[in-house]
Structures are given as structure tokens and as C-alpha cells.
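Student: One letter stands for each residue in the lines below.
Protein chains: 2
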Amino acid sequence: MKPIQVGLLGIGTVGSGVFNVLARNQDEIRRRAGRGIQISMVADLDAARARSIVGENARVVGDAREVIANPDIDVVVELIGGYGIAKALVLEAIAAGKHVVTANKALLAVHGTEIFQAAAERGVIVAFEAAVAGGIPIIKALREGLTANQIQWVAGIINGTTNFILSEMRDKGLDFDVVLKEAQRLGYAEADPTFDIEGVDAAHKATIMSAIAFGIPVQFDKAYVEGITKLAAADIRYAEQLGYRIKLLGITKRTDKGVELRVHPSLVPAKRLIANVEGAMNAVLVQGDAVGATLYYGKGAGAEPTASAVIADLVDIARLGGADPTHRVPPLAFQSHTLGEAGRDLPVLPMAEVVTSYYLRIRVADEAGVLAKITGILADAGISIDAVLQREADEVGGEGSTQTDLIILTHDTREGDMDAALAQIQPLPTVLAPITRIRKEELN
Amino acid sequence: MKPIQVGLLGIGTVGSGVFNVLARNQDEIRRRAGRGIQISMVADLDAARARSIVGENARVVGDAREVIANPDIDVVVELIGGYGIAKALVLEAIAAGKHVVTANKALLAVHGTEIFQAAAERGVIVAFEAAVAGGIPIIKALREGLTANQIQWVAGIINGTTNFILSEMRDKGLDFDVVLKEAQRLGYAEADPTFDIEGVDAAHKATIMSAIAFGIPVQFDKAYVEGITKLAAADIRYAEQLGYRIKLLGITKRTDKGVELRVHPSLVPAKRLIANVEGAMNAVLVQGDAVGATLYYGKGAGAEPTASAVIADLVDIARLGGADPTHRVPPLAFQSHTLGEAGRDLPVLPMAEVVTSYYLRIRVADEAGVLAKITGILADAGISIDAVLQREADEVGGEGSTQTDLIILTHDTREGDMDAALAQIQPLPTVLAPITRIRKEELN
Chain A
1 MKPIQVGLLG
11 IGTVGSGVFN
21 VLARNQDEIR
31 RRAGRGIQIS
41 MVADLDAARA
51 RSIVGENARV
61 VGDAREVIAN
71 PDIDVVVELI
81 GGYGIAKALV
91 LEAIAAGKHV
101 VTANKALLAV
111 HGTEIFQAAA
121 ERGVIVAFEA
131 AVAGGIPIIK
141 ALREGLTANQ
151 IQWVAGIING
161 TTNFILSEMR
171 DKGLDFDVVL
181 KEAQRLGYAE
191 ADPTFDIEGV
201 DAAHKATIMS
211 AIAFGIPVQF
221 DKAYVEGITK
231 LAAADIRYAE
241 QLGYRIKLLG
251 ITKRTDKGVE
261 LRVHPSLVPA
271 KRLIANVEGA
281 MNAVLVQGDA
291 VGATLYYGKG
301 AGAEPTASAV
311 IADLVDIARL
321 GGADPTHRVP
331 PLAFQSHTLG
341 EAGRDLPVLP
351 MAEVVTSYYL
361 RIRVADEAGV
371 LAKITGILAD
381 AGISIDAVLQ
391 READEVGGEG
401 STQTDLIILT
411 HDTREGDMDA
421 ALAQIQPLPT
431 VLAPITRIRK
441 EELN
Chain B
1 MKPIQVGLLG
11 IGTVGSGVFN
21 VLARNQDEIR
31 RRAGRGIQIS
41 MVADLDAARA
51 RSIVGENARV
61 VGDAREVIAN
71 PDIDVVVELI
81 GGYGIAKALV
91 LEAIAAGKHV
101 VTANKALLAV
111 HGTEIFQAAA
121 ERGVIVAFEA
131 AVAGGIPIIK
141 ALREGLTANQ
151 IQWVAGIING
161 TTNFILSEMR
171 DKGLDFDVVL
181 KEAQRLGYAE
191 ADPTFDIEGV
201 DAAHKATIMS
211 AIAFGIPVQF
221 DKAYVEGITK
231 LAAADIRYAE
241 QLGYRIKLLG
251 ITKRTDKGVE
261 LRVHPSLVPA
271 KRLIANVEGA
281 MNAVLVQGDA
291 VGATLYYGKG
301 AGAEPTASAV
311 IADLVDIARL
321 GGADPTHRVP
331 PLAFQSHTLG
341 EAGRDLPVLP
351 MAEVVTSYYL
361 RIRVADEAGV
371 LAKITGILAD
381 AGISIDAVLQ
391 READEVGGEG
401 STQTDLIILT
411 HDTREGDMDA
421 ALAQIQPLPT
431 VLAPITRIRK
441 EELN
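Chains as they are written, first to last, in the UniProt record's numbering: chain A, 1 to 444; chain B, 1 to 444.
Just chain A, same shape as in the assembly (with noise of 0.2 angstroms):
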């Protein structure tokens, strides 16, 4: 059989990776595919590094749309990036009839519904592994792997750049500031980190988990977004103290009132799996009714762990895409016509609605009656507690200190309770710091 031919669309890092692993791999793909996987066409501003990289093996060009024109091309692979210029050229890509490989987590989780709607009206694969959690085939475990399930819940490390950052702090006691100028000077943050450390990658990414695992639309806009800038070394030291570890994670879960949509640092138990993932490293845990927990982990990032995903893509696509589109995956995991109804029977829960347990560590005067105050202010407003932690004032401020930092472990706790309770608490004349938030998640 002929091989399937593919356009690349922007051949940078993971576009050389799909490159390089495609040709080193090719008999081996090929007797898992049944037919070769060409890439036949790039296409990428900077042509002369893109010769650079292929070589004589596809013909470069400087303008996506010539790869889309290109009857003979069958799968669209689109490495731009971003909500603009990659939008237009997949809606473009799938109008013409190709299949569609993405790892652009940004344009699906905003606009994955419209993509999708497209791709199912023109009969075409929108295929996308490689946008949640590199080279880990957590979307085909959600979508495929764990169907017999209701999903109750999904948490991942999903952010590499955050996950390098927050080992560090733990392991060398140091501030965020420091740590994130190292991992920029490592490579393993951007120049422009905002969107690893504002959490905003790992809520692209919860999103789209959060339709594959519920059945609902990609619903970006309603996702609580908070990232790690503010985490302190002292939190990390004190939940370590209580037997946990400080992970972002992108939490997405199922309630009887609706699916709460996440994303922010959480204490973990220590004990837990997913607490002792170091370094870059991702890993998402499932918990689906049938199964229990499953835990997936490995590389998020990287020319190849996503080239893996990419390129498992195209096999799917090699295997399955001459099928008639009855015949294929859907690829939210649930029919799309049955994506509506879901819509409206599981809305996305505005963050004051979102139930979950708390640390709280607040600066206090070292005085009497202040826990008393505190916790009383904590009891009218229905919360219990879990623990308290009250450091020597010697010990926080060092000699002679007036000052400690109280810490408290909630039990679940409604968000807009604890929001009411914290207004309450801030503004005491014996609070002397802004009140640290971090929301505590046993994933049992």
C-alpha cells in the first residue's frame, strides 16, 4: 500500500522530532501501520533551516496553504502553536479534506468544538495525543482505554516547567524566583514563562481531559486558573511537616451538581504515587468507578516524547482513517452528538461552588487568644479542622520574634465558605501578612 503522505505545518523542535523518529523508526512503524508514513511536505517560515533538517527527503515551502492545496497530501501535522494563524490553517486543512494531527493544547481547549463540529461534518480525523502530557497516551486512555467507566476524577502533573520548579524549591529549600531563573537557565523554562508558572498550559490541558473524561464541551473560559509565582519556600517546608508534598495540578471532577475544572497548587500526600513525580516529569491519576485509580507518567515535554505522540497519531490514522468515519473514535471520547446534552446536565462549577479541603498559613502576632480567634471565626462559618501547626515565634521570625505563622488543615470545605471566612480573618489586627491559601487534594 502506498504510504500515507503528511504535511508538516512549522518544523521547530518537535517538528524535527517527528522527523527524525519517523525516519529512524520507519520498518518498525511501517509493520505496525501497514503502510510507510511519509512526510512529503513542510512547510515553515525559516526554509532554508527546514532543508536543513530534511533534506532532499520532502520538498519544503514557505506558505502553509501550499501543503493544504496539495491533493496528494492526506494528514495535515500542525506544529505552529497558538490561538491564530494554526486556527485558520487546521479549519482550512479539514475543509480540504485532510486528516488533522495537532499538539496545539491552546487552540483545542478554546476552540475545540468548532474544530471538531468541522472535522466530523467533512468526515476527517482531528487527532491530538500529544496535546495533553507529551508522550504519555493518557488521551487514549481516557477515550479508549477506560470507556467502561464513569470517571469521577482526573489530577495531573501536567506542566513540566512548574514540576521542575517546585522539585527544586522542595529539594534545595529555595524561593520560586531563584528556582525559575535556574530552570530558564536549564532550558526548562521559557524565556517568557508566564503561561507554565500562571498555570495556563496546565488548564489547557485539564480542559481538554475534561471533556474526554465527562462528556461535556471544551470549556477553557471556565476554568479556575492559579498559578505557583506565589508559593513560598515556608509552605513547602511546613506541608512537608504535615506528610505532603505541593504539586500543580489540573483537576477536573465530576459532582452531583456539576464538573469542577482546576487548576492550581495542591498538597498531596507524600505517600501517594503522584506525589514522588520529580523533575519534568508528568503524570496524570484517573479514578474511574470500575477501575479504581490508574496512574500514567513519563515525559511531558521534549522533541520526542511528543514526536511519540505524534506519530502514534498518524499510525492511528494509517490503521483506521480509510475506515468509513462511522467506524472511528470520536475524538472527545463520546459521540459528538450526544456532546450537547451533556453540556447541559453537567455545567462547569463556578470556583466558590468547588468543595475541597485547605492549608492555610497565617501570620500572626504572637499573642494570646489569637487561635482562639481564628478558629472561632473558622467554626461559625461551618469549617473543620483537620490539624493545627503553630511554629515557635523564635523559630519563624528567629530570637526574639513577636511574630509565628499559624498553620491550619481544613477538612472539605465549600469554597465560598472558606472565601467568606478568610475575609473575616484578613483584615484582624493580629494578621499581619497576607493569608496563603493552598487547597489540599487526598485523591483517594
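Hints listed in this document are in silico derivations from the structure and should not be mistaken for laboratory results.
Check the hints yourself; a few may be wrong.
Heads up, the list lumps identical chains together, so a pair's fine if it works in one copy or across two of them.
Cut-off 20 angstroms, straight-line C-alpha distance, at most; resulting in silico cross-link-like pairs (DMTMM-like, lysine to aspartate or glutamate) [what the hints assert, rightly or not]:
1) 2 / 72
2) 87 / 66
3) 181 / 171
4) 257 / 27
Given the structure of chain A, go ahead and fit chain B onto it with the hints provided.
Tutor: Using the frame of chain A, we list chain B on its own:
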């Protein structure tokens, strides 16, 4: 679309799990699969018990062949187990044009080639996600998620009974026999635990993974199989002191000379995620040349975790089974006509050709020159020593003891060379007991 009609052969623990999960999650499964999945017939020798499970929802018969002969049945789910009648029924179901789902690892590890061949000729699917690691979608990950990779090795904790026993031995410092009895009392081990504790069950699963990972035929008869019955609490303790845990691993590895396929207790660095998989849980670590290491963790047994995998296969069949057979995923990942090719290229290696590192525990007389003699023999055999731990005689044998344990960790060694060296060391008059030899896997 009409629901897909399923006939169950055998409704024991897993069968009733399949029935219950399908009933509980039927709406969600239908939304994913695009059509309902209905168990309309059940064959079981204990018809009364079968009726008590399925009620009026399915026809219960005593003869499995009635299910196979029924033209309304689309898929036969074989949950009988073993090589005997199960093999005949699976082949008859295939011959009758039914798709088959099975959890029967023994059957596939031994007779898989014949069964997949028959299925290919008849144009039906044989699916078996439940055969390896229960609810963890590891077959799908290897067969579809990692298709870009030249897979280098797979190492898995794929038998929950033995992992439970090893976890208990370590936690409580108890010997094998004591913990086995406890495991039997708790239901983690069967009354006849031979297949689990001798490594046979793990070897069935490793055999299936070797075929999928490397594109070779299933060759259970070539697997090296060693169980955990000879492990002593002392070895677990010494391993711990050296920074290792002991796990029963199913390993399959590609080398220049061929494929290693082996099950045995293994020292694993304690810091590896897989070393921290406790109790009856399963985990499989896969090393691919593009993706690096990925790990898959979850419950490897039990009614509903296994049902999760069986139903995922049914959903795959509902989604893809109607396509013409050229547009499906090949059962062993590689297109079947290419399996023979590879079988010639990559023989399964005899154990003497396996290269790994070792932990040796040698009970010796506590006298001068013993260590020199033993390390001299190892050096002459070209075996390089990584570390030596010599215990105080008093500590090992009680006060005044004249015996001690010599613990030696080696670098990578050919198993045949180690056999030859141990054949010289064992008869030494200063070696007072059978030498314990446990393989060590760094898994990096």
C-alpha cells in the same frame, strides 16, 4: 443503531463484574460506543447462580456452544480460563464469525499464534486488554499509544498476589510462608497459589507483552520463570540496606542478539516509582527510544477492574468492529504477516545469554581469606563487583556465631558466566549454605 449483542461464557467473579458495570454505566457507555452493549446470553455450568446474577436480562444456558451457535450474538466473551475447553470454544466462536473478547492470558501466551491466525482468516477481532494487568490499559498503550517507538524493554509488576506478599514481607519482616498464609486468609492468594507464586501467571503476561512490544510471536515455552518461594526476609532486609526493594518483575528486553523474556524476583532501586508500588497493585514500565520511560499503574485484578478492560474491548468492537478488517488495529500491534519475519530476526534468548546485574548472598564461615577466595573466582570469570556488604557474625548468627552473610552486588554479567562462577563458589568448604542469587535491574 441496534445494541451489540454479547454472549458471556462463564459468569464467575469477572463475568458478574462485566454484567454489573455494563448495567450501571449503560448510558455513558452507549454515548461513548455509539450503540448499546447488551449481554443477551450467558453460558455457565451453574445455571441457577448465573440466573441469580442476570435475572431476566439475559438468557442463561448450560452449554457454551448454544451461545456460539446463536446468529444474533456479535461478540463472545470467554471468561472460563485455562487452555482446555476455553481454547476449543474461542476457536469455534471465531469459526462462527464472532468477535472474541478474552481475559485468558494462559490461553493467549501458549496458543495465541494459532488463535490470532484463525481470527485474521475469518476477519474477526480477538481482544484481550483484560489478559494483562487487569484494568490498566497497557495492551492499548503498547499496541497503539507507543507505536512510534522502538521499544527497548518492558518491566512490570504484573501479579498482584506476589506483590502483596512481597510488600507484607518487607513491611512486617516476615518470611514467605507466613505471609502466604495471611494472603490466602485475606483472599489475595488462591487456595492453590502455584501459578502466582511460581511466576507462571506473570510469565503468561510478559509473553503477551513481548509479542506486542517487539513484533515476535507469543513464545511462552521460551520464557524463564522463577517465583518468589525461595525469598527470605533477610534478603529483603539486606536489599533495603543497599537502597533496593525486591519485586517480582516480568521483563522483556530487546538486545542485539535477541529478546530476553524472563520472570524472577528483582532488586529495583528504591527511588524508582515502580519500586514504590505496594500491595496487590500492578505497574508496567516501558522504555521506548523516542518517548523514554512511561509507567502505567493500577489494579491488576478483581471483578470490576478486570471488567473495565473487558468492556473497553467491547466498546472498541462497537466502534471499530464494523469496519472492514483492513481498517483495524492488529491484535499484536504488528501486522500479522510481519510477525514471522521478526521471529526469525529476534529469537527469544536462553537464560544463559541474558545480561543483568546480581545480588548474591553467600553464607560463609567467618574466617580470614573467604572474601578473597570468592571475589577471586568472580574476577577470574570476568565478573565485576559493584559493592560488598559483610555483616558481623554476631549480628547474623547470634553471639559467638562463626558464620556470616556476604552480600555482593555485581555489575552487568552474562548469566552463563555467573552460573559458571557460582558452580565454583558453591562447593567451597567455607560456603555453608546454598547461595542466594537475585537479579538486579536498575531500570534506567
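Student: Give a verdict on every hint.
Tutor: Structure-based check of each hint:
1. 2 / 72: within (11 angstroms within a copy, 38 angstroms between copies)
2. 87 / 66: For residue 87 and residue 66, only the intra-copy Cα distance (16 angstroms) is at most 20 angstroms; the inter-copy one is 55 angstroms.
3. 181 / 171: Answer is within; shortest intra-copy Cα gap is 16 angstroms, inter-copy 42 angstroms.
4. 257 / 27: between (51 angstroms within a copy, 19 angstroms between copies)
Violation of the numbered hints given earlier is absent; every hint is satisfied by the structure.
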